[in-house]
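> Given next are the chains, with one letter for each unit.
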Amino acid sequence: MGHIQLNNVCKSFGTTEVLKNINLDIQDGELLILIGPSGCGKSTLMNLIAGLEEITSGNIVISGSDVSDKSPKDRDIAMVFQSYALYPTMNVARNISFGLEMRKVPKDEQENTVNRVAEMLQIDHLLDRKPGQLSGGQRQRVAMGRALARSPKAFLFDEPLSNLDAKLRVEMRTEIKKLHHRLGTTIVYVTHDQVEAMTLATRIAVLKDGVIQQLGTPYEIYNDPANHFVADFMGSPGMNFVECVVFEDKLIIESGSQNYQLAIPCSDAVKRSNLESVILGIRPEMLTDPKPHENNPYVHEVEFNVEVIEPMGADTIAIGKWNGVEVQGRLSPESGETAAKGFRLQVDTSKAIAFDPRTGQRVR
Amino acid sequence: MNNLVGHKSSLRWAVHISVAVLVVLWLIPTLGLLVSSFRTADQISTSGWWQALVTTEQNVIMRTAKPQDQQIIDGKYVIEGMLFSSKKSPEILAWGVSSIAIDDYIPGETAKLRKGGEISLRGDGYYHMVSDKPFKGSRGTRVFVKASMPPEFTLDNYRNVLFDPANVSGMAKAFLSTLTVAIPATIIPILIAAFAAYALAWMQFPGRALLVAFIVGLLVVPLQMALIPLLKLHMQIGIGKGFLGVWLAHTGFGLPLAIYLLRNYMVGLPKDIIENSRIDGATDFQIFMKIILPLSFPALAAFSIFQFLWTWNDLLVAKVFLFDSSGQTVVMTAKLVELLGSKGGNWEILATSAFVSIVVPLIVFFTLQKYLVRGLLTGSVK
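Residue numbers (my numbering), protein chains in the order written: chain W, 21 to 384; chain Z, 106 to 487.
Chain Z extracted, bound-state conformation:
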């Protein structure tokens, strides 16, 4: 009785609040990833993404320029430069040259170096190293800085992932490979499933109910169970590893859900329309093409989204059925794993690549979602 006009259910607020909480919970990791993709590696390693917008006090270890850059000015060996490469430099609060005492000095003071010589550091990050003897070694001197870092965002990661020649060839190739897998692996099952679903929904033949039950049964078979036998079969009949194999595998794993989904949708279409088109003289094929298919867009769109997302994000099936020794068929998910694995925690690259790879599914979703909500049957019956 709570839904009567004028009576607002007290649970409504509970529902609204829980929805809001759930949405926020779900969005937080994505937001974190997005923010991280605009930060530098240093920022990511020193502070959390939620601190990206505020000025924070941080302890950072910086290095001066290398000894090979030293100049001789007035008979003394000098290295000078800016500690921070970015334009908006942080304000240095304290600094030190030893890891035991990182805040011994304030900006403007001069410190003695352990290996000889001295260094002075200004608040804006300008350093000046002077020594009577030449500086030795291959690396610059470590400087420990306690600084308040202003918020800073960079597009460098995207430049790196999308345009850096070293990355771009691998990433672009992986992107194309993924598209080559995902598009046919979405279209093929839809084509097969739509025909099957029509037959199972509207054509009379013996054993139809059993067949439907069998397909529903297939829904619960875990795909991991079929990986090895299927791969063996592919090898035996000569498909081998490659795109054809992965398309077939995705098709097979997607079909039960596709048929089930589409059949249930088609069965719900008004019987009168189909009977009328039969009286109008349409064959089963014509009924399917001209009446059923245009009416089934919501179900087709729903399944396309599922299947595309699943094939786009898939790593397992691609690993088993696709990768060969040539390395020409690496998909994006595998490339991401590579980026993370080989460079040991390049989080900024990982976050950026993840966002680059999200773009396509988002486009697919937003183009198809309008079909999901449209009332296609309006005006047809009654």
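One chain only, chain W, in its complex shape:
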């Protein structure tokens, strides 16, 4: 049972406020991702939950009991560090059983647990080795095994995959997801990799400057970002942002030396806000080569002067300019090959969103 509540948690180092009034309710069995740029406080938040640092104010409740003043060992959580932090002088088996040993679990039970965990993570042939004799991926597995051995209330993963190479990272990502399905234990997972966040999370909390910008499912975060920062942070290649003049209920863009009027779903809100111009946010996959459609009012065709093309294999990114701002479109590889000046680009604004240029907040 791992239900973690953070109530008005603040953390300051001296006069620097690192976390400001964090409220989080992490449900039992949830995989919550904390994501944000470096320095946003996500690792500090993790350390607060683990008890490695003291909170300045507020409280932390795990499974109904206030643990704000309890030491790490009394919180019944397990942590996987970015650096793995294996005990270099002990072999793999001892590394895994160390937590049990400290909690005075009987010897034979320790042994059973080590074998079970090692088998689950496919490291049972490495039990006699020292960490120095393992590869990066194996070390990562041992670090996970050490956390798993204790079956705690919650796991805290602090960027566990960031030291692996790209291929291994994808493999381990899948493995962590499988593991979460199988164990059903609460996991709090810190990362700065938005792909990891999107693929793993039950919910994502996006942090910036010690404030939670948005908390929601990956779908919500991606399609319905709360502000400019969240929209910009999630997605690769990132969302296009173009400042446009509002004309009645439409937005005006200049592309390929011509002006176009784009209809957007949030036109009422834009009108209500009385803004003269807004920032249009539109994902690259909404800018495609012409496809058949059923008379959709949000589908436009514009002329696009492609300046650079970046073939990605599955599709090709075409870069041009709207209103003098760089815009990325996602074309099929075939049309990408011939894309040049005056390319006919289909723009689907049905998922386009608008931001207030001054505050960066969504206009809705």
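Source of the hints: derived by calculation from the structure; they are not laboratory data. We treat Cβ as the ideally placed atom computed from N, Cα and C, and that holds for glycine. Heads up, some of the hints might be wrong.
Said to hold, decoys possible - Under the rule of at most 30 Å between Cα atoms (straight-line distance), these lysine-lysine pairs were calculated in the DSS-like manner:
id, chain 1, residue 1, chain 2, residue 2
1, Z, 376, W, 197
2, W, 90, Z, 395
3, Z, 376, W, 124
4, W, 150, Z, 475
What the hints assert, rightly or not - Just a sample of chain Z residues kept apart from chain W, beta carbon distances all over 12 Å, derived:
id, residue
5, 203
6, 244
7, 375
8, 378
9, 392
10, 400
11, 402
Could you slot chain Z onto chain W? The hints should help.
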């Protein structure tokens, strides 16, 4: 830019040569001492150790056997024998019986003695003294010899120092005394310092930084300043002079460096490992014993070597805190001083004893040095 592949810095040679020169400079005195320890007192006093391997021409003063050994052969008083006791005798080039003319005769000639009688000397050192009257006096006749001495080495000095009953009891006792001083005086400060260093590196408490600064400050206090007050204190609280006193003194003088060294090492250990063991449920004591201590071997070994060498070679602290009137607690350094002082320049004994006393520090160094270079943290983080 000199370190790029393919570009060898011209300074590299300068560095290599200076290192080689320094090493040779440092080793020469030791080598001299080693060579001297295998030479006889005569050799040491007549030629330098660097001539030990070549045949040299030397002027030596030898004495014949004492008059009491004279025999009467055919009515004449005769003393005969070999001038040189060693088997490989030097070849005599010239000789004489007066200090004014030491090379008047060649081997095989016969010389008149001042006190009467005559002496003949062969090239291999055999002498024959004949006189009508008995030889008088208690000492043998002086013979001045100019000889080419072949290189010769002897184990006599070591036999003398290690097995001669007259020396052995004193030396063995001094050896044991030194061990009794050095071993606890190394272990006690390490024990205390390791705990202190862990606390100063990883435990949170108010005033920690001040305490560290204070210990660094203690590093510069010269120990001579504390000798007398400390001895007074020992006398007052009843420790007096003895092993306990010298252990405490060495511990005290060694602690600042030990704590400083170990703390700086421990602070550099990865924070993640310690935090992880804290989450795993280990107490501070368990973290120290199971995680920190095994990882701190390089620092512990480094300090052990320092402290052991210093206590082993120490004379000052032992003189102040240890020696009492019983004479039972003399350490080796003091014994060496005694050997040199009382017998007035027994260099061969001194050189030999010095080498005997070097053996233990060498063993300590070579057993511990492997810990100095081992990469203990491999595989732990990243």
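> With reference to the structure, classify each hint as holding or not holding.
So, going through the hints one by one against the coordinates:
1. 376/Z to 197/W: Holds. Residue 376/Z to residue 197/W sits at ~28 Å (cutoff 30 Å).
2. 90/W to 395/Z: Within the cut-off at roughly 23 Å; holds.
3. 376/Z to 124/W: holds, 24 Å
4. 150/W to 475/Z: holds, 19 Å
5. 203: holds, 78 Å
6. 244: holds, 72 Å
7. 375: violated, 6 Å
8. 378: Incorrect as stated: the minimum Cβ-Cβ distance to chain W is 5 Å, not above 12 Å.
9. 392: At roughly 10 Å from the nearest Cβ of chain W, residue 392/Z sits no farther out than 12 Å, so the non-interface label is violated.
10. 400: Non-interface label on residue 400/Z violated, nearest chain W Cβ at 6 Å vs cutoff 12 Å.
11. 402: Its Cβ does come within 12 Å of chain W, the nearest being 9 Å, so this is violated.
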